Amino acid sequence: MQIKVMTNILEKNDQVAAALQERFEKAGIFVINLLGSPGCGKTSLLEKTIKALKETLSIAVIEGDLFTAKDAERIEQHGVPVVQINTGGGCHLDANMIQGVLDCLDLGELDIIVIENVGNLVCPAEFNIGEDCKVTVLSITEGDDKPLKYPLIFKQASAVILNKVDLLPYTNFDLKAAEKDITAIHPEVTLLPVSCQTGEGLEAWFNWLMKQVQIKKGKESK
Amino acid sequence: MHEMSIAQGILDIVLKTAAEHNAVKISCIKLLIGQMTQVEPESLKFGFAALAANTIADGAVVDITIIPLVGKCNSCGQQFTVERYSFLCPLCHSANILVVSGRELAVDYLEVE
Numbered sequence: 001m002q003i004k005v006m007t008n009i010l011e012k013n014d015q016v017a018a019a020l021q022e023r024f025e026k027a028g029i030f031v032i033n034l035l036g037s038p039g040c041g042k043t044s045l046l047e048k049t050i051k052a053l054k055e056t057l058s059i060a061v062i063e064g065d066l067f068t069a070k071d072a073e074r075i076e077q078h079g080v081p082v083v084q085i086n087t088g089g090g091c092h093l094d095a096n097m098i099q100g101v102l103d104c105l106d107l108g109e110l111d112i113i114v115i116e117n118v119g120n121l122v123c124p125a126e127f128n129i130g131e132d133c134k135v136t137v138l139s140i141t142e143g144d145d146k147p148l149k150y151p152l153i154f155k156q157a158s159a160v161i162l163n164k165v166d167l168l169p170y171t172n173f174d175l176k177a178a179e180k181d182i183t184a185i186h187p188e189v190t191l192l193p194v195s196c197q198t199g200e201g202l203e204a205w206f207n208w209l210m211k212q213v214q215i216k217k218g219k220e221s222k
Numbered sequence: 001m002h003e004m005s006i007a008q009g010i011l012d013i014v015l016k017t018a019a020e021h022n023a024v025k026i027s028c029i030k031l032l033i034g035q036m037t038q039v040e041p042e043s044l045k046f047g048f049a050a051l052a053a054n055t056i057a058d059g060a061v062v063d064i065t066i067i068p069l070v071g072k073c074n075s076c077g078q079q080f081t082v083e084r085y086s087f088l089c090p091l092c093h094s095a096n097i098l099v100v101s102g103r104e105l106a107v108d109y110l111e112v113e
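So the sequence lines, in the order shown, correspond to chains A and B. With UniProt numbering, letter number 85 in the first sequence gets 85, and the count goes up by one each step, no holes. With UniProt numbering, letter number 5 in the second sequence gets 5, and the count goes up by one each step, no holes.
Just chain B, same shape as in the assembly:
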């Protein structure tokens, strides 16, 4: 259940950001989570709700966007969705692949009052 550590990280970020903007309530937290991360969205929401109790983030909606796993071939330039975690270029079969997206674990934005 490392989602609890991640939820704590999110709470630290949103409380700090809200304080910097003199917000009194956080109503929505938008998260970007890559497909190739070990995060279970429901566990994360559950953990966050528990940690946020009695803070200005209490009851905030946690809205998660899953970012697909995309690779780019450094040999031929082909960009492709990684299927079955195969990091080989579907066009030229090169193994020299850059992960373009899919490893995100970020707070995108907050909605506050």
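With the rest of the complex left out, here is chain A:
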């Protein structure tokens, strides 16, 4: 006997993600799912962002990591609330994991939550975790072929940060070619070349972020 099912395999995750989104919506919190390879500079970007904006915005961080709390310890030094999730070898965060730690944060006090996903260009792209948007970090040293090799993570991202642009002179990374590939994959994407080392380009990222938070809080129309 044949039984027609036609059910989305990720339905359960999507239901939990939708419930999370509703909670964030009620609290007026802008939530970012921060993605990128191991070592691309997600935590460095976060540290720079917290330093620059923590007087203006109330920021909290959820750190996803396989086994360690190394990133959470780095964030903690900046004096913002941080929660560590260890996936125990799991390659991505899912909505259940976020739901499980949400009570550790005082949602009423926050403007923005950044969820730093497990370093990986593949798996996290498939799992919504209640975020308003995904931001993907690609670093120059990874090579300009990555957007076409891992298109989904660039298609899903509202903004793509090209980090470590200070290293451009020392690599064969073709910035124009990478930008062309990323915008072909996702024509409406915001592309932000930055260097967390020198600070180049970070102002544009802070401005983009502030704008998203303001839109979420309804202080500014889109």
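Careful, some of the hints might be misleading.
[As the list claims (entries may be wrong)] Quick list of the computed label-pair ranges, beta carbon to beta carbon:
1) B:Q78 - A:Q2: 34 to 40 Å
2) B:P41 - A:D14: 36 to 42 Å
3) A:A177 - B:C76: 25 to 31 Å
4) B:I66 - A:D103: 49 to 55 Å
5) A:D14 - B:T65: 18 to 24 Å
6) A:Q15 - B:S27: 26 to 32 Å
Hints in this document: simulated from the structure, not taken from any laboratory. Note that the structure is a prediction, hence the values are computed from the model and not measured. Backbone N, C-alpha and C fix where the C-beta goes; we use that ideal spot for every residue, glycine too.
For this one, chain A is given, so just place chain B on it according to the hints.
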């Protein structure tokens, strides 16, 4: 290896569906997987076989149909197969493209006894 999470999702769906129909054995599971998903079919089959052991889905054939990535231009209406992940209309070069197919991750149907 997020295929394991996806395999678990599939197992949950098929066991629930089979129970609703009082099936005693699941012999075949038909999946629809879009071209623009991060799923490796062989890993998925391997993961599913491991999870399905000792359930009524043990030994079920997992049959995967890959759905091509197709876009539709919202400006000129042209429908086209997306090549090299370029979401620009090949006819009018508009960037206003709707993804018609290629993002599926679904259980289509089951064959049960």
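Quick rundown of the hints versus the structure:
1. B:Q78 - A:Q2: 34 to 40 Å: holds, 36 Å
2. B:P41 - A:D14: 36 to 42 Å: violated, 22 Å
3. A:A177 - B:C76: 25 to 31 Å: Check passed, 27 Å falls within 25 to 31 Å.
4. B:I66 - A:D103: 49 to 55 Å: At 41 Å between Cβs, range violated.
5. A:D14 - B:T65: 18 to 24 Å: Since D14 (chain A) and T65 (chain B) have Cβ atoms about 22 Å apart, the given range 18 to 24 Å holds.
6. A:Q15 - B:S27: 26 to 32 Å: At roughly 29 Å between Cβ atoms, S27 (chain B) and Q15 (chain A) fall inside 26 to 32 Å, so the hint holds.
Violated hints, listed in ascending order, are 2, 4; each of the other numbered hints is respected by the structure.
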